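Student: Protein sequence lines correspond, in order, to chains A and B.
Take the first sequence: its letters are residues 3 to 112, numbered as in the numbering used here.
Take the second sequence: its letters are residues 978 to 1399, numbered as in the numbering used here.
Please keep in mind that the hints were generated in silico from the structure rather than gathered at the bench.
Incorrect hints may appear among the rest.
[To be verified] Each pair of labels, with its calculated beta carbon distance range:
id: 1; chain 1: B; residue 1: Gln1202; chain 2: A; residue 2: Val91; range: 39 to 47 angstroms
id: 2; chain 1: B; residue 1: Glu1192; chain 2: A; residue 2: Gly95; range: 34 to 42 angstroms
id: 3; chain 1: B; residue 1: Gln1214; chain 2: A; residue 2: Val82; range: 27 to 35 angstroms
[Claimed, not checked] Covered stretches of chain A (chain B as the covering partner; in silico rule of three or more C-beta atoms under 8 angstroms from a C-beta of chain B):
id: 4; region: 4-13
id: 5; region: 25-39
id: 6; region: 48-59
[Said to hold, decoys possible] Beyond 10 angstroms from chain B on every Cβ pair, some chain A residues (computed):
id: 7; residue: Val42
id: 8; residue: Leu76
id: 9; residue: Val92
id: 10; residue: Gly95
id: 11; residue: Phe99
The structure displayed is predicted, hence computed values, not measured ones.
Glycine included, every Cβ here is placed at the ideal spot set by N, Cα and C.
This is what each chain is made of:
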Amino acid sequence: MIAALALAVGVVLGVVLHPTVPVGLQPYLPIAVVAALDAVFGALRAILDGVFDDKVFVVSFIANVLVAALIVFLGDQLGVGSQLSTGVVVVLGIRIFSNAAAIRRHLFRA
Amino acid sequence: MSQDDESRAVGGADERAEKAPTSEDATKPVAKKVPPKKLAASTTVPPKGAARKAGADKAAAKPLAAKKAPAAKPTPAKKTSANKPPIEKVTNQSAAAQAPVIESGITESGAVGSSLDGAGDDESALAGPPGPETQVQAAAATADVRDPRRPTGLKLLMRVARPRASRGQLVVALLCGLLGFALVTQVHSQAGAGLSSARQADLVDVLDNLSAKSEQLRSQISDEQNTLSKLTGGSDQTQAALQEAEQRATTLRILAGTVGASGPGIDLHITDPDHKITADVMLNTLEELRDAGAEAVEIRGATSGTASPPSDQSAPTGASGTPAPGSGGASAAVRLVASSYFVDSQDGQGIIVDGTPLLPPYDLLALGDPPTLSQAMGIPGGVLDSLKSRSAHGTVTQLDTVRITALHVLTPPKYARPAASP
Chain A
3 MIAALALAVG VVLGVVLHPT VPVGLQPYLP IAVVAALDAV FGALRAILDG
53 VFDDKVFVVS FIANVLVAAL IVFLGDQLGV GSQLSTGVVV VLGIRIFSNA
103 AAIRRHLFRA
Chain B
978 MSQDDESRAV GGADERAEKA PTSEDATKPV AKKVPPKKLA ASTTVPPKGA
1028 ARKAGADKAA AKPLAAKKAP AAKPTPAKKT SANKPPIEKV TNQSAAAQAP
1078 VIESGITESG AVGSSLDGAG DDESALAGPP GPETQVQAAA ATADVRDPRR
1128 PTGLKLLMRV ARPRASRGQL VVALLCGLLG FALVTQVHSQ AGAGLSSARQ
1178 ADLVDVLDNL SAKSEQLRSQ ISDEQNTLSK LTGGSDQTQA ALQEAEQRAT
1228 TLRILAGTVG ASGPGIDLHI TDPDHKITAD VMLNTLEELR DAGAEAVEIR
1278 GATSGTASPP SDQSAPTGAS GTPAPGSGGA SAAVRLVASS YFVDSQDGQG
1328 IIVDGTPLLP PYDLLALGDP PTLSQAMGIP GGVLDSLKSR SAHGTVTQLD
1378 TVRITALHVL TPPKYARPAA SP
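Isolated chain A (complex conformation):
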């Protein structure tokens, strides 16, 4: 509940403050957001599975974001940045879908 509230607060803050993304962060923010979304969906699934753990969530959230950003950074350095970010997005998207499928199974039994 607190997390959901905080999510809403974050969205409202983003809408109100309307910040500009720093140039250095621009390539990483979208990937980081997708990675964080993956972590959040994993956490939702874990909650429904009853195995949710704050620490695991926090670590996986941060690790996801960092690894995704690292991959993109590495790709940029290697000159395959766009391809790697596409790959990351695809992988994270697949995971989000599978997690969403598990959540759906839990919630609707279907």
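Got chain A sorted already, so can you dock chain B onto it with the hints?
Tutor: Chain B in isolation, oriented as in the chain A frame:
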């Protein structure tokens, strides 16, 4: 160590449970497996899933129940397999009836969890060594998943969603807030920025694509222009050919005498009081005029009074009743063309031109350069001299505008056909 490993393991178990034809079959072997693991877990490290439930139900937090916990633990597990079918039915039938059963389940597991609450705390559990803890969590998770009294779906969500202010919850909330913030920020930057937020490589790609496209379009433009110029050039050529053809047609019409003509020229007036001029004289005069460059020639002469039959020639050779100047009676004009002929009339009073009998005085109208024509008439031994020698008299008048109106009627050729020019 990550959330996903656990959830995957749990998911696998979940799948198995779902695939099993009846819930009883699925639960029985599990119930055999689980208790030892759970016992071991409860003795060494507090199981997290149980602890969470305990946290959810604060009412049952009593240190007294802690000693019972290890002994009580297997019992619900055994009960589980026995109780499963009826509970399932109840769940299906009505939510209200399900409530008491679930409550009892909670209090039982709550008893286990409360012991943990009393004995240790969440912080120590979190700080524990990760390896074994994960295993224990997994074990507890599998047990939880198969525990039929464990609430599922929305009810569980509601329970988990109940606000609890622990440090972990706050960190999770912070991260979620951060996610929301970043999400909105990114969406905003994408909505507003367009190309300005694109990466350099992407920009290069876009530029490449655009330049390739513009190159293609440019070549298409040149192609279209070529086609256009070809088409318009073609029409130009057609136009020019048409104009040329019309010009030639006009020239030919003038030569053939089917249209009237006007322009500078001369008027050769021939008086022949003694009727000495014969057809050959007129023919010589005409040839002389043509030699001098006359382009169109017409001869006018008086006709024999009012009754002037058009002679034996049946073809109407274009005699038009143009009044001849200086002649009191009726006059006739004949256009002289390539096929014109002169014949002496039977009575010796005049000549017959193209079937039209003419009487003196004659007027020969010729279009051409007036000085050249008049000089050609006046050369020694020429037309005027020969006229004089026949006691006739010719006078040449240079005119700025000579109008030739008599027309020659063409008869289409019977045998001749146009042939392709070499």
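Student: For each hint, tell me whether it holds in the structure or not.
Tutor: Now the hints, each set against the structure:
| no. | hint | in the structure |
| --- | --- | --- |
| 1 | Gln1202(B) - Val91(A): 39 to 47 angstroms | holds, 45 angstroms |
| 2 | Glu1192(B) - Gly95(A): 34 to 42 angstroms | holds, 36 angstroms |
| 3 | Gln1214(B) - Val82(A): 27 to 35 angstroms | violated, 59 angstroms |
| 4 | 4-13 | holds (count 10) |
| 5 | 25-39 | holds (count 8) |
| 6 | 48-59 | holds (count 12) |
| 7 | Val42 | violated, 6 angstroms |
| 8 | Leu76 | holds, 14 angstroms |
| 9 | Val92 | holds, 16 angstroms |
| 10 | Gly95 | holds, 15 angstroms |
| 11 | Phe99 | holds, 13 angstroms |
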